[in-house]
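K.L.:
Build out the structure end to end from the sequences listed, making use of the hints.
Chain order of the listed sequences is A and B.
Each residue of the first sequence is one higher than the one before, counting from 858 in my numbering.
Each residue of the second sequence is one higher than the one before, counting from 419 in my numbering.
Do not rely on the hints blindly, as some may be mistaken.
As the list claims (entries may be wrong) - Subject to a maximum C-alpha distance of 16 Å in a straight line, what follows is the list of computed EDC-like cross-link-like pairs (lysine to aspartate or glutamate):
#1 K1112(A) <-> D557(B)
#2 K1032(A) <-> E1063(A)
#3 K1147(A) <-> E1245(A)
#4 K935(A) <-> E889(A)
#5 K932(A) <-> E1193(A)
#6 K1127(A) <-> D1242(A)
#7 K1127(A) <-> D542(B)
#8 K1164(A) <-> D1190(A)
#9 K1072(A) <-> E686(B)
#10 K1005(A) <-> D1201(A)
#11 K1072(A) <-> D542(B)
#12 K1154(A) <-> D1165(A)
#13 K1130(A) <-> D542(B)
#14 K1208(A) <-> E983(A)
It should be emphasised that the hints constitute simulated quantities derived from the structure, not laboratory data.
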Amino acid sequence: MNKLVKLIITSISAITLALVSFTSSFAKVDGEYIVLGSAISLTGKYSSNGVHTQNGYNMAVDRINKMGGVKVGGKSYKFEIIYYDDESNPKRAAQLAERLIKQDGVHYMLGPYSSGLTKAIAPVTEKYKIPMVEANGASRSLFTKGYKYLFAVLSPANQYLEVAIDLAVEKNGGKPVRIAQAFEQDAFSQDVRLGILDAAKRTGSEIIIDDKLPKELNDMAATLAKVKATKPDVLVVSGHTKGALTAIRQISEMKVDVPMLAMTHCDAAKLSKQHGKNSEYALCASQWHKNLSYKDKFFGTGKKYDKDFKKEFGYAPPYQSAESSAALLVFKDAFERANSFDRDKVRDALKTTEMQTFYGNIKFGPGGQNTAKPMILFQVRCKGDTCENKVVAPTKWASDKFYHPIPKWSERG
Amino acid sequence: MDFLIFKAPMLMVQASLDGILLGILFALIAYGMALQWGVMNIINIAQGDLVILGGYIAYTMYLAGIHPAWGVIVSPIIMFFVGWALYKLVINKVVDRDLFISILATFGIAIVFQQLMNFIFGADVVVAQSGYGTTMLFDNSVTLPNSKIFSAVISVLYAIALVIYMKKSRLGRAIRATAQNARAAKILGVDTEKVYAATFGINAALCGIAGALISITLTLHPYVGLPYTVRSFMIVIVAGLGNLPAVAVSGMGLGLFEEFADYILGTEFRIGAVFMLLVFILVYRRFKLSKKREYLK
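P.N.:
Next comes the structure, spelled out in structure tokens:
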């Protein structure tokens, strides 16, 4: 008897398993759902930005599904995303990408968070010829490998702070400037550095300090002491949120006077909230700001997106969320133009994308990077104790004037 | 290589002061490690993570509107019990085993702590503001954040208090007796189990103090504990166990070394230089030991 029960249970589970694997191997389009896959950092060191990314994806999925879905071959489909937690670990991310593609039968991928993880996944999606639209891997090296199935809605990392150098030269009456820079030793920050090197070469500017910060960085007093001694025209710092927070803390404590301070990750680090007035005048590179005048029919303007996102998730959307939402708009557009679920047709459609979203214009270059959207710079400005990010460049969207030079610490209240 | 530091004497002064102030803080963490290493023969890989946890306690107070400097009193109290609980849960099972087992156990604790902190406090880098301002020396050319001076002073005060406690109190004497010979101490009526738990608690409390100080001088993140473990390991190796003055000197020495490595080799080699130094010291020690052994033969 017992044996019989066991046998029945075994056979039932075997059949269920077979069924599950059978259905999931055709999961690319499941009934009325188009299934997308994404490995994303829900735990580990990227978990906060991973969640911003996921919220951005989810918000766009809801919105598109509510507004009629994706029309392919005269039928309306809805988006659905399978998520796995990659634990902020590149190896795990690559494994999960394999699992999504081979076991879950996903035929279209959304990117993970960070350049490093995107770099880990891209070879896998490329191998299986799976189109991937990613929104959080800006490293230039992603776009020089000749990947054919990778598309990024964001501007590449080398463009992050190039504008800042141009701005410094402009403020210097068109004359070359002296640059001090400190970058973390990771793919992204080093790409930002390459951008600065290009800009310096172009403008004839001189780099007088070129420090690399370790991954475990929490003290950059030595770099700042050198800055104090050499008095450069611009100080550029990029080392993710840790770099931004450490820099502001120590610049204010060491009273380092520098006419211009350009950084990345100010909004992710919640700089104006964590450091308040000490962060004033910092110039920050950003992919997106709610005040920009782009719009689309799903989210309306950036301001509207900001409002809706706040209502849904209870906090203001960082640019990581906005660009993630934009990735789904791109997919929708590509599916409709391809009018097919054939991977190569979708890929070809992605390649010829030319559209405007609330996040910015999107058009992919030969390497898959977005060439249609410039980076913007904002400056932290404070009124009393509340600080805000004001867009100051490029001039087309500038809501406020760029404040230059930064007043000396002895003159700041 | 950058020799700017040798051209500007003020940079030299700046680097030395920064290094010494930071070194004193490292020495405090290292003293905790030396204490428990000496008493229990356990190398605590989770040392740095205990430090960061202590920092998060101060940060939580800061969020609640209490000045984070009070963390140097609250954090060690909480951390003492965390340490005590850790001993009762995990360490007492490995305390008599060989060093490898205890390293493995504390490594496990480190991972659990990192994940827990990530889960509770999030993966964002955070700072607590002390608002202590800056001391300017030599016509503003050398700047010392008061928070760093504060942390050095607090570290020294706690270290002195601990030394006196170890010399004068009953528990302190019991700890020292256990460190010298656990078996003999047990025979003479010392409750070694209690001594071990207290030692682990005191070490965690020291980490708590250091963490609170780090929250106002540097930055906090769930995954930055390891460099603190490595630094304290190194200081202890140089100084030897149970020798507080040596720990203090070697702590400051390490701070100076780091700061100068930063100026000369570049910031990217700052922590790398510490690892290199560690390798050199270990090789040198081995070399010296092997000589000694030959002599004994």
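K.L.:
Is it true that the CA of K1164(A) sits at most 16 Å from the CA of D1190(A)?
P.N.:
24 Å, violated
K.L.:
Taking 16 Å as the top limit, are the C-alpha atoms of K1130(A) and D542(B) close enough?
P.N.:
Holds. K1130(A) to D542(B) sits at ~13 Å (cutoff 16 Å).
K.L.:
Given the proposed pairing of K1208(A) with E983(A), does the C-alpha separation stay at or below 16 Å?
P.N.:
15 Å, holds
K.L.:
Just to be careful, I want the Cα atoms of K1005(A) and D1201(A) compared with a cutoff of 16 Å; is the pair within it?
P.N.:
Distance of about 10 Å is within 16 Å: holds.
K.L.:
Is the hinted pair K1072(A) and E686(B) satisfied, with a Cα-Cα distance of at most 16 Å?
P.N.:
Since the Cα atoms of K1072(A) and E686(B) sit roughly 8 Å apart, the hinted pair holds (cutoff 16 Å).
K.L.:
Is K1032(A) within 16 Å of E1063(A), Cα to Cα?
P.N.:
Satisfied, since the Cα-Cα distance of roughly 11 Å is no more than 16 Å.
K.L.:
Is K1154(A) close enough to D1165(A), meaning Cα to Cα at most 16 Å?
P.N.:
The hint holds at about 14 Å.
K.L.:
Between K1127(A) and D1242(A), does the CA-CA distance stay at or below 16 Å?
P.N.:
Measuring from Cα to Cα gives roughly 15 Å; hence the hint holds.
K.L.:
If you draw a straight line from the CA of K1147(A) to the CA of E1245(A), is it 16 Å or shorter?
P.N.:
12 Å, holds
K.L.:
Given the proposed pairing of K932(A) with E1193(A), does the C-alpha separation stay at or below 16 Å?
P.N.:
Distance ~10 Å between K932(A) and E1193(A) Cα, so the pair holds.
K.L.:
Is K1112(A) within 16 Å of D557(B), Cα to Cα?
P.N.:
Holds, at about 12 Å.
K.L.:
Hint check: K1072(A) vs D542(B), CA-CA at most 16 Å. Holds or violated?
P.N.:
15 Å, holds
Going through the hint list in order, the structure does not satisfy hint 8, though it satisfies all others.
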